[in-house]
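Taking the hints into account, I'd like the entire structure generated from these sequences.
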Amino acid sequence: QVQLVESGGGLVQAGGSLRLSCIASGRTFSDYVMGWFRQAPGKERTLVAQIYWSGSYYQDSVKGRFTISRDYTKNTVYLQMNSLKPEDTAVYFCAARNPTSAEYVYWGQGTQVTVSS
178 QVQLVESGGG LVQAGGSLRL SCIASGRTFS DYVMGWFRQA PGKERTLVAQ IYWSGSYYQD
238 SVKGRFTISR DYTKNTVYLQ MNSLKPEDTA VYFCAARNPT SAEYVYWGQG TQVTVSS
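Sequential numbering of the sequence shown, starting at 178, is according to the working numbering.
Just so you know, the hints here were simulated from the structure itself, not pulled from any lab data.
Where a beta carbon is used, it is the ideal one built from N, C-alpha and C, also for glycine.
Nothing false has been slipped in among the hints.
DSS-like, lysine-lysine: derived pairs with alpha carbons at most 25 Å apart:
id, residue 1, residue 2
1, Lys262, Lys240
2, Lys220, Lys262
3, Lys220, Lys240
Here are the computed distance ranges between Cβ atoms for each label pair:
id, residue 1, residue 2, range
4, Ser293, Ser184, 16 to 22 Å
5, Thr277, Asp248, 19 to 25 Å
6, Gln286, Gln236, 17 to 23 Å
Right, here's the structure in full:
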């Protein structure tokens, strides 16, 4: 079992930056692929970025603006979000999956990010 707790959301003006954090507890943090998802009102939850041993993946709409990273000493994964746009407004979720599976099975409670124009 893995417990995930996000923080760092808030209200920011367009063009601004935020850094989300997700602290993991429970089983070995390094065993898991970590991802950040987001869900805007009335829309499906989508994968924004994920990080694994061999690299990382980004949704096209955030490439060049968002950076995912992890600190194994702190059991924490981060999402640095720069040049934020109103369309980035959503609830952001941290999630974890086994590297041998495509399914994310552990989820945080979510943190709200609101970008004003």
